[in-house]
Amino acid sequence: MIKINDLNVYYGGIHALRGISLEVPKGKIVSLIGANGAGKSTTLRAIMTLEKPKNGTIFYKDRDITLEKTQNIVQSGLVLVPEGRRVFSNLTVEENLILGAYTRKNAQVIQKDMEWVYGLFPRLLERKKQKAGTMSGGEQQMLAVGRALMSKPEVLLMDEPSLGLAPLIVKDIFDIIKKINALGVTILLIEQNAKVALEISDYGYVMEVGRIVLEGKGRDLLEDENVKKAYLGA
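The sequence shown runs -4 to 229 under the numbering used here.
Keep in mind that the hints are not guaranteed to be accurate.
[Stated by the list, open to error] Derived DSBU-like pairs (lysine-lysine); straight-line CA-CA distance at most 35 Å:
1) 212 <-> 173
2) 166 <-> 56
3) -2 <-> 49
4) 107 <-> 23
5) 173 <-> 224
6) 21 <-> -2
7) 173 <-> 107
8) 190 <-> 166
9) 23 <-> 123
Everything labelled a hint here was simulated from the structure, so no lab data went into it.
Construct all of the structure, not just a fragment, from the sequences and the given hints.
Take a look at the structure:
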């Protein structure tokens, strides 16, 4: 569904992405792992055209979206769950979810999808009238994912969904990611928690200093000695 070819992105004089190429097949979970500053988040921002590449191409469903407007990309079914949740803290859970459906018009279908999101995240239903800013980090992450789902995405780009969360909450979040994928949503997952990410991934890429240095099936990367030493604490 997503195909990136020889993508280069600069921040001023900093060469953030150095000719990366990758693919995200339909219906799969693909993870992108690496240390801070490797270029993982820049990759997601480039896909959403929040960063403009100097050269290279990004295709989504065989359509070149390299220079598309971000709003058009969201409307076509490609949605980002940003790092740090970025919920609207002064709005309620319910209001945040409604804003997630801003590109859609059918109020009846939107209400039905909200009930579906509450089914995935019962805790959000319990707190539907609560201000998002007063919730825990784990609850805010659930809300960020739920808000993205309200746009009815075909592909979810997820940037560090486990960041700052307790281990039990991380397990819950990744269980939900697997459920979402089982419903047919393709997922590109950016994670520093390489073990958890690779365990649920069909395929993975390892980034270092703006380059992809290794790729393979998730289970194969888990057993790779270089990955174990660098990212799994072995």
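We went through each hint and held it up to the structure:
{"no.": "1", "hint": "212 <-> 173", "verdict": "16 Å, holds"}
{"no.": "2", "hint": "166 <-> 56", "verdict": "31 Å, holds"}
{"no.": "3", "hint": "-2 <-> 49", "verdict": "17 Å, holds"}
{"no.": "4", "hint": "107 <-> 23", "verdict": "26 Å, holds"}
{"no.": "5", "hint": "173 <-> 224", "verdict": "26 Å, holds"}
{"no.": "6", "hint": "21 <-> -2", "verdict": "11 Å, holds"}
{"no.": "7", "hint": "173 <-> 107", "verdict": "22 Å, holds"}
{"no.": "8", "hint": "190 <-> 166", "verdict": "12 Å, holds"}
{"no.": "9", "hint": "23 <-> 123", "verdict": "31 Å, holds"}
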